[in-house]
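A.B. asks: If you want the building blocks of each chain, they are given just below.
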Amino acid sequence: MLEKLTINEKNDLYTIIVSVIGEGVSIAQRKPYFNEQTIKIVREMVEANRDCNEAMKELVTNLITAGRLPARKWLRKALGRVNGLIKASDDFNGFGCKASVKIKWKSPIIMTTY
Amino acid sequence: MKKIILLIISVTLISCTHAQKKYSNIDTTKIAYGNFLLKIPTNLLPNAVLIAGSSGEDNYLEGVGIKFSDRQALWGGVFIQEPTVAQVGECTNTESDVDLKLALEKINQELNGHRLQKQYMDLIKSSSCQIPQGTSSVSTDITPQFIIASRCENLECSTYVVEKNNANNSQILMLFTKGLTWSWIKKVIKGA
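So the protein lines, in turn, are chains A and B. The working numbering applies: residue 1 is where the first sequence begins, and numbers increase by one. The working numbering applies: residue 1 is where the second sequence begins, and numbers increase by one.
Careful, some of the hints might be misleading.
In silico DMTMM-like cross-links for lysine to aspartate or glutamate, where the CA-CA straight-line distance does not exceed 25 Å [stated by the list, open to error]: (1) LYS186/B <-> GLU153/B; (2) LYS178/B <-> ASP51/A; (3) LYS118/B <-> ASP51/A; (4) LYS40/A <-> GLU153/B; (5) LYS125/B <-> GLU54/A; (6) LYS187/B <-> GLU163/B; (7) LYS178/B <-> GLU36/A; (8) LYS40/A <-> ASP70/B.
Don't read these hints as lab results, they were simulated from the structure. Treat the numbers as computed from the prediction; the structure is a model and nothing was measured.
Starting from the given sequences, assemble the full structure and let the hints guide the process.
C.D. replies: Structure follows, in structure tokens:
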């Protein structure tokens, strides 16, 4: 059975999404419906786009390469930590990845909420 | 005996014609992605969720996302080629950039010349773009109208389409699919 996400976890997940694809009303509106599937697709997005900027690279390197957390579950377990790192890094503020990344990942994230 | 053979031949011909007619007459729903018209089999849509796209920043349009089921989906957008485009060109080694670079390389080969706009040529030539080992190859298909390049892994495809005779000024369609075959994608693009 899938665990429901807490409001804080949903907020943290949204922060991570925004750091990659930028702010967007369509994703913000679906935040109440984020679930385990959303976490899975966001994990894939972050791992696939670790080179999109320096802060993202550092984040993924810290969380995965160091092996402190299981690769498949790292995002679910590390939501709070990730959020803290993002807030501490100026590189994330308002800086998304390129258009091709946004187009590839935005719809699949929204689709997980339907 | 002759009558039997003639009967068999007649039945075979009628069956082929009927099958052909049925295939070409399949109901489709047109969905516009910028200047591209995708023809989606209508019988896939009754249970689908359609997610509205939106215009991106200056250089791309997001298309409608279609979730046919939990296992099958299609989404994407178009790059609108304009001189001011700054977001394409420098490779960042993201999966999307690598896919786009591989596809554009193939498309450019098929164009037999450097007719893509500069920002796409920059991406193709970008020395910082590293193709990971084991990356699957790109499949291409050329129609009178389009050059289609696609890289698929486990029924997840990234497809890029350029209008053949207008490569330097046309939009580039980016189509992403899950749970759908390369042959299905081609039919949707070509409207077969």
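A.B. asks: Are the hints correct? Go through all of them and say.
C.D. replies: So, going through the hints one by one against the coordinates:
A C-alpha spacing of about 16 Å is found between LYS186/B and GLU153/B, which places the hinted pair at or below 25 Å, so the restraint holds. Simply put, LYS178/B and ASP51/A have alpha-carbon atoms about 24 Å apart, close enough for the 25 Å limit, and the pair holds. Distance hint between LYS118/B and ASP51/A is fulfilled; the C-alpha atoms sit about 23 Å from each other, no more than 25 Å. Only pairs whose Cα atoms come within 25 Å are accepted, and LYS40/A paired with GLU153/B is accepted, the gap being roughly 18 Å.
The suggested pairing of LYS125/B with GLU54/A holds, with an alpha-carbon distance near 22 Å, which does not exceed 25 Å. Restraint check: the Cα-Cα separation between LYS187/B and GLU163/B comes to about 16 Å, which is no more than 25 Å; the hinted pair holds. Restraint check: the Cα-Cα separation between LYS178/B and GLU36/A comes to about 19 Å, which is no more than 25 Å; the hinted pair holds. Of the supplied pair hints, the one linking LYS40/A and ASP70/B holds, its CA atoms being roughly 14 Å apart against a limit of 25 Å.
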